[in-house]
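Visitor: Let the sequences and hints guide you as you build the complete structure.
Line order of the protein sequences matches chains A and B. Just so you know, we're using our numbering here: the first sequence kicks off at 1 and counts up by one. Just so you know, we're using our numbering here: the second sequence kicks off at 1 and counts up by one.
Hint data in this document are derived by calculation from the structure and do not stem from the laboratory. Some hints could be false.
With the Cβ distance kept under 8 Å, some of the chain B side facing chain A (calculated, not the full set) [to be verified]:
{"hint": "1", "residue": "Ser97"}
{"hint": "2", "residue": "Ala193"}
{"hint": "3", "residue": "Ala197"}
{"hint": "4", "residue": "Lys203"}
{"hint": "5", "residue": "Pro205"}
{"hint": "6", "residue": "Thr207"}
{"hint": "7", "residue": "Pro210"}
{"hint": "8", "residue": "Val216"}
{"hint": "9", "residue": "Glu219"}
{"hint": "10", "residue": "Leu228"}
{"hint": "11", "residue": "Ala345"}
Even glycine gets a Cβ: it sits at the ideal position worked out from N, Cα and C.
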Amino acid sequence: MSDKALTAWRDLALGAAITRPGSAADLKTGDWKTLRPKVDEEKCIKCALCGVYCPEFCISENEEGYWHSDPFYCKGCGICANECPKDAITMVLEEDD
Amino acid sequence: MGKRIGTEVSLGVAEAARLANVDVVSAYPITPQTHIVEELSEYVANGHLDAEFIPVESEHSAMSAAVGAGAAGARVYTATAAQGLALMHEILFIASSMRLPMVMTVANRALSGPISIWNDHSDIMAEKDIGWVQLFVENGQEALDLTLAAFAIGEDHRVLLPVAVNMDGFILSHMIEPMVVPDQEEADAFLPAYEPAMRLDPKNPVTMGPVGMPEVYTEAKVQCEQALLGSKPVVKEVLDRFADQFGRRYELVEKNGKENAKALFLTMGALGETCMTAVDGLIKDGEDVGQVRLRLWRPFPEEEFLEACRGAERIIVIDRALSPGCINGPLAVDIKSLFYGRDDAPEIVNVIAGLGGRDVTTEDFREIYARASGGELDGGYTVWGVKSYA
Ligand code: SF4
Ligand code: SF4
Chain A
1 MSDKALTAWR
11 DLALGAAITR
21 PGSAADLKTG
31 DWKTLRPKVD
41 EEKCIKCALC
51 GVYCPEFCIS
61 ENEEGYWHSD
71 PFYCKGCGIC
81 ANECPKDAIT
91 MVLEEDD
Chain B
1 MGKRIGTEVS
11 LGVAEAARLA
21 NVDVVSAYPI
31 TPQTHIVEEL
41 SEYVANGHLD
51 AEFIPVESEH
61 SAMSAAVGAG
71 AAGARVYTAT
81 AAQGLALMHE
91 ILFIASSMRL
101 PMVMTVANRA
111 LSGPISIWND
121 HSDIMAEKDI
131 GWVQLFVENG
141 QEALDLTLAA
151 FAIGEDHRVL
161 LPVAVNMDGF
171 ILSHMIEPMV
181 VPDQEEADAF
191 LPAYEPAMRL
201 DPKNPVTMGP
211 VGMPEVYTEA
221 KVQCEQALLG
231 SKPVVKEVLD
241 RFADQFGRRY
251 ELVEKNGKEN
261 AKALFLTMGA
271 LGETCMTAVD
281 GLIKDGEDVG
291 QVRLRLWRPF
301 PEEEFLEACR
311 GAERIIVIDR
321 ALSPGCINGP
331 LAVDIKSLFY
341 GRDDAPEIVN
351 VIAGLGGRDV
361 TTEDFREIYA
371 RASGGELDGG
381 YTVWGVKSYA
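Guide: Structure representation (structure tokens):
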């Protein structure tokens with residue numbers, strides 16, 4: 001959690017309503033995680049199943065066609081690693097990387 | 001011109017909601033509030049009131065529907081009591097945190113158990129921290145007038161908060177009293193159409209009542225708290241405007257009895273009238289006694305209360321709720337913390353009286369006064385009239 005408020009109380013919309021659509025994209029949900037997925041590109045067959053199953057929709061295709069997660073949103077649940085048909089994904093401790 | 005009629009106070013309150021032209025009534029009938037919403041359902045059914053009546057299956061739903069209707073921009077009314085209020089508990093905070101004005105009559109009643117349908121303040125005292133503006137009324141006219149005023153208070157854009165009007169169950173709700181009922185034109189002149197500051201509107205989408213992450217929860221709470229604190233001058237303004245138009249003046253804190261009296265009773269709600277009679281009697285007997293009654297309970301009208309108590313050496317706080325395990329009754333806790341550290345702090349005596357519909361008579365007040373004067377009631381609180389032996 002950041003020690004900074006998102007906004008001063010006087011600037012909050014009435015009743016803390018959200019008046020800007022899509023503002024949840026600014027919420028860094030990725031800092032909950034202790035484990036992160038690591039893709040072994042040797043094993044990966046670019047099937048994109050990991051991206052389909054990721055509940056955060058944070059896995060996207062890079063220029064080489066591999067599928068990698070965005071650490072800003074990845075919560076480290078490991079669903080991608082579980083679903084990968086090639087066992088190409090291992091969950092590793094963040095600090096070990 | 002309004003007309004003077006004799007009617008049951010509950011029906012007078014329903015009439016006030018009708019005069020306010022509410023758009024939605026969402027309520028569950030619970031004793032002793034039932035007559036209010038029964039009457040409103042009839043108004044809606046026979047075309048006297050153009051509103052949606054939502055006959056919900058519980059008070060949890062009544063308050064949820066009220067929140068939904070408020071978010072859609074409707075003028076909303078509901079009423080409840082005791083267990084019903086308790087069942088609304090979690091949603092009460094949501095209504096205030098979403099800054100949705102609505103008016104709710106609470107026909108104050110004891111909370112079970114044992115099961116009791118009779119009057120005391122234990123229901124609302126358990127809800128003192130909900131962030132609503134809260135008023136206490138003493139008689140039928142006041143119940144009608146403040147119900148109408150409550151809409152004007154809550155809907156003011158400087159406030160935008162729900163308002164609870166507390167009136168004692170049965171003792172007040174089921175009394176037949178003479179009441180001046182304003183006519184529709186007068187009511188409309190006093191209470192203009194509600195203009196929501198924000199509402200659910202497909203053309204201008206917003207998310208109301210979102211998740212408050214730790215990064216924003218404190219700020220959201222403070223926004224609500226500051227709105228409540230800031231409502232005090234608005235309450236005063238609305239009541240002054242009411243006095244100008246209708247000639248009936250209501251202060252945030254009211255005084256009876258002797259000016260600058262040495263001893264003061266502090267009451268909230270209908271017990272104040274019995275107390276007033278007792279105080280009149282005591283003054284005739286040569287006693288230096290007065291009475292302070294709180295009309296506005298949340299936000300607590302600190303300056304007005306201190307002003308009303310100036311010079312008093314003893315305040316006898318009458319609580320109508322027991323707070324087991326606490327140092328004092330809920331009202332006395334407020335009063336003691338208010339005076340804490342002040343040089344002019346009087347002696348504060350706390351009496352818990354009238355639980356679960358037990359009668360509190362003028363004789364009781366005289367005896368409380370005598371025992372307080374004799375120093376027999378200092379210290380913590382005294383549960384009045386409890387029988388240790390029978
Ligand atoms: S660990 Fe969970 S959140 Fe992170 S990329 Fe994999 S499936 Fe998505
Ligand atoms: S599921 Fe496994 S194999 Fe398929 S794209 Fe993702 S990492 Fe590669």
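Visitor: All hints are to be evaluated individually against the structure, with a verdict given for each.
Guide: Hint by hint, here is what the structure shows:
Proximity of Ser97 (chain B) to chain A holds as hinted, the smallest CB-CB distance being about 6 Å (cut-off 8 Å). About 19 Å separates the beta-carbon of Ala193 (chain B) from the nearest beta-carbon of chain A, more than 8 Å, and the hint is not met. Here the hint on Ala197 (chain B) is kept, as its CB sits about 6 Å from the closest CB of chain A, short of 8 Å. Interface restraint check for Lys203 (chain B): the shortest CB-CB distance to chain A comes to about 13 Å, outside 8 Å, so the restraint is violated.
Interface restraint check for Pro205 (chain B): the shortest CB-CB distance to chain A comes to about 6 Å, inside 8 Å, so the restraint holds. For the restraint placing Thr207 (chain B) at the interface with chain A, the shortest Cβ-Cβ distance is roughly 4 Å, inside the 8 Å limit, so the hint holds. The beta carbon of Pro210 (chain B) comes within 5 Å of a beta carbon in chain A, closer than 8 Å, and the hint placing it at the interface holds. Because the smallest distance between the Cβ of Val216 (chain B) and any Cβ of chain A comes to about 5 Å, under 8 Å, the interface hint for this residue holds.
A cut of 8 Å between beta carbons decides the hint on Glu219 (chain B): the least distance to chain A is about 4 Å, and the hint holds. Checking Leu228 (chain B) against chain A by beta carbon gives a least distance of about 13 Å; that is not within 8 Å, so the hint is violated. The closest approach between the C-beta of Ala345 (chain B) and any C-beta of chain A is roughly 33 Å, which is over the 8 Å cut-off, so the hint fails.
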